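Engineer: If you read the sequences in order, they're chains A and B. Just so you know, we're using the numbering used here here: the first sequence kicks off at 329 and counts up by one. Just so you know, we're using the numbering used here here: the second sequence kicks off at 53 and counts up by one.
By construction, these hints were calculated from the structure, which means they are not laboratory data. From a predicted model like this one, the values you see are computed outputs, not experimental measurements.
Okay, the calculated beta carbon distance ranges per label pair:
1. T86/B - E460/A: 46 to 52 Å
2. S600/A - I244/B: 35 to 41 Å
3. R162/B - K698/A: 32 to 38 Å
4. E651/A - M78/B: 41 to 47 Å
5. A578/A - K183/B: 31 to 37 Å
6. D373/A - T86/B: 38 to 44 Å
7. E451/A - E79/B: 55 to 61 Å
8. D215/B - S541/A: 48 to 54 Å
Here are a few chain A residues that sit away from chain B, every Cβ distance over 10 Å (derived from the structure):
9. K461
10. L582
11. E607
12. P609
In this text, a Cβ means the ideal position worked out from N, Cα and C, and glycines have one as well.
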Amino acid sequence: MTNSLYEERLARIRKAVALEPVDKIPFVPCANAYHARQQGVLMKDFINNFELQCTTALKELSELGEVDGTQNTLFSPFLLSGQWLSKVAVPGIDLGDDEMWQVVECENMKFEDYQEILDNGFEAFYTRFKKEKVDNNDEKLVSFFQYVPTANNRYIEAGIPCIADFLLITPFEFFCGGRSLECFFMDDLMEEPELMDKVFEITMEYTMKTYKSMMDMTKPIGVWIGGWRTAPDMLSPALWERFVWPYLKAYGELCIENNVIPIFHLDSNWTSQLHRFREFPAKKCILALDSKTDIRKAKEVLGDMMCILGDVPAELLAYSTPEEVYKHTTELIRDIGPTGYIVASGCDVPSDAKKENVLAMSRAASDFLKK
Amino acid sequence: MKLILFSGFLGSGKTMSIISLAKEIMEKASGNGTRLVIVENEVGETGIDDKVLSSAGYEVKSLLSGCICCTLQTGFTKAIKDIEDKFSPDYVIFEPSGIAYPDRIINTIRLYGSFIEYIKLVTVIDSSRWKKLMKITPSLITAQIKEADIVLINKCDLVSNEDVNELEKEIVEINPKAVTYKVIASDGANPIIWRDVIL
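In isolation and in its complexed conformation, chain A is listed as follows (with noise of 0.2 Å):
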């Protein structure tokens, strides 16, 4: 049951992906750790206590200003894990009790699992995988879920729609995570490509119809598509050609037929193959940048096409002062709106931005259009 702040905020949000004018321009963050920092919660508290967390997160997103949605409602760092067949080591546990969790990379998959994925499918592999060799990680995970409807909710009636439900996963992905990067650039892709090809049909079946399951069971206003590890300029053209887009592309495709925003969160630099993403429909995708791609290229490429989010640089945000923030995040919405736009860091507000240079850049979407 959603109220009438929330409709009006989505509403925004909808028009700024439709390339609409809007009233107010939409400013949508993304955080989790940073948020218990200006809160004063230790992050092993925060990642193991979901009532916590999303008490920790409205209560800081209520002091932003005016905020009009989220990029998630509640996180938990072995969902990284599943993400990209690696463990994570934590706070509380590995790490000091207010440490950063982090992904530990590592050779976690060998090459000969390749093989089973052949013989008995994605999903037997994953389920087996994810319990043997990343420490029965669904397990971890169970109490996550069970409060993710609640967190919802709360944020419903907090009048703050999340845009982004969940992640959506490519091969490259997960093998990248899984088999480390070295070894997944260096032996699988050079020497076995067409093992790749092979395998990453066989993992596409079952992502596709799991994430169709899952949209239709939540009905998501958008998902991010993840491209952390498949920028263009990690790899060559060829080799990006051809393990890289048809998947993504597939993902976006799956989104739109199924109405829901595919919200493509690009980290490192995609201004060499900004052009591809005209292949999809007009006005329907979120293209999310995180301060490495030139984002006024973006604009000039997929302006007339596509809604921009981001990218005010993390670093700006943690050590710069509230005035360059806020004439920064001015020029963006100058530059890249004000329609078709939408305000938010590049990638996650790091956790240590000064709380100042957060809410400049919230001021600065409040006050745009105001002028």
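Start from chain A and add chain B according to the hints.
Structural biologist: For chain B alone, kept in the frame of chain A given last:
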């Protein structure tokens, strides 16, 4: 603080090169209280054996790996500021992730690290995997060379002289200003390599 960054793809030999530089710094220092801190942030298992270095008198601070995006840069910037406040070291050797673009890190440091006296970038290239790396991730490797003050062409014992010379020519084309050295880092680098780094 004098900051020396080591760049180069995973497994290129950065760690051995860092150990060589660290030893040279401490040998030159010998008794005059020079302080050295080593900061590592490697995606993957290879990293500095901090126990080995700690026992030899080096202070090693680890930034564990994480998301390859924004948090990498604020994490490092914060670490450098914390290190300056806590240790006021003369030298900091930083090994960022082997998939990091060094110019981005340097730009951030220059903006927010006014206490840093100079920054030197040493890029380590694995000559035995050069051709493969340039096929897989040409943009990254080129960027790592382009910004370098010094390029160490490593693992020369695994490659023919002809191939090493050809590789050196390609590096010079990418970055004519860098000083290049052919090395076998696991044997320890010739101290002469570090003369432009330890000023």
